[in-house]
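**Q** Sequence:
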Amino acid sequence: MQPLYTIVLGAPTSPRTDSGAGGVFGNEDLKKIEKIIREERGFHSFSMAKLTGFWMGKPEECVEIKILTDDLSKVKACAQHLRATLKQESVLVTCQGTGTFLT
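Residues 1 to 103 in my numbering are what the sequence shown lists, from first letter to last.
Don't take every hint at face value.
Stated by the list, open to error - Here are the simulated EDC-like cross-link-like pairs (lysine to aspartate or glutamate), alpha carbons at most 16 Å apart as the crow flies: (1) 50 - 28; (2) 50 - 64; (3) 31 - 64; (4) 87 - 28; (5) 32 - 64; (6) 50 - 60; (7) 74 - 40; (8) 74 - 39; (9) 66 - 34; (10) 76 - 89; (11) 76 - 64; (12) 50 - 61.
Just so you know, these hints were derived from the structure itself, not from any lab.
Owing to the predicted nature of the structure, the values given are computational and were not obtained by experimental measurement.
Generate coordinates for the entire structure from the input sequences, incorporating the hints supplied.
**A** Encoded structure:
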């Protein structure tokens, strides 16, 4: 059984992303997030969902990434990479217990 980690990114509120969008994640942003997770950080099994979150009482798009792994340092490095690339003030990393694949 492995811990299930979640990385949550809130969309920038000013046009700081490659898509030029403010408060939303454009297709280019989502492709970049996937590339960082899969190719640059080496996670080959993960899920990614675009959701509505709230920050300081205001709605914003957010992306939630779920990764099942034993390597917290690798998850934190991925989160820092995403934070820097997407010009985020911060990102949230949580551990949601353990999971296992049933076969």
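**Q** If you draw a straight line from the CA of residue 32 to the CA of residue 64, is it 16 Å or shorter?
**A** Holds: residue 32 and residue 64 sit about 14 Å apart, inside 16 Å.
**Q** For the pair we were handed, residue 50 and residue 64, check the Cα-Cα distance against 16 Å.
**A** Roughly 6 Å separates the two Cα atoms, so the pair holds.
**Q** Check the hint pairing residue 76 with residue 89 against an upper bound of 16 Å on the C-alpha distance.
**A** Since the Cα atoms of residue 76 and residue 89 sit roughly 15 Å apart, the hinted pair holds (cutoff 16 Å).
**Q** Does the structure keep residue 50 and residue 60 at a Cα separation of 16 Å or less?
**A** holds (10 Å)
**Q** Can the restraint linking residue 74 and residue 40 be considered satisfied, given a maximum Cα separation of 16 Å?
**A** holds (11 Å)
**Q** Does the structure keep residue 50 and residue 28 at a Cα separation of 16 Å or less?
**A** Distance of about 13 Å is within 16 Å: holds.
**Q** Within a Cα-Cα threshold of 16 Å, do residue 74 and residue 39 meet the stated pairing?
**A** Between residue 74 and residue 39 the Cα gap is close to 13 Å, so the pair holds against 16 Å.
**Q** Run the distance test for residue 50 versus residue 61: straight-line Cα separation, threshold 16 Å.
**A** Between residue 50 and residue 61 the Cα gap is close to 7 Å, so the pair holds against 16 Å.
**Q** Tell me if the straight-line CA distance from residue 87 to residue 28 falls inside 16 Å.
**A** holds (15 Å)
**Q** Would you check the hint for residue 31 and residue 64, treating anything up to 16 Å between C-alpha atoms as holding?
**A** This hinted pair holds, its Cα atoms lying about 14 Å apart.
**Q** With the threshold set at 16 Å, check whether the alpha-carbon distance from residue 76 to residue 64 stays at or below it.
**A** holds (14 Å)
**Q** Given the hint that residue 66 pairs with residue 34, test it: the Cα-Cα distance must not exceed 16 Å.
**A** holds (12 Å)
Checked against the numbered hints above, the structure violates none of them.
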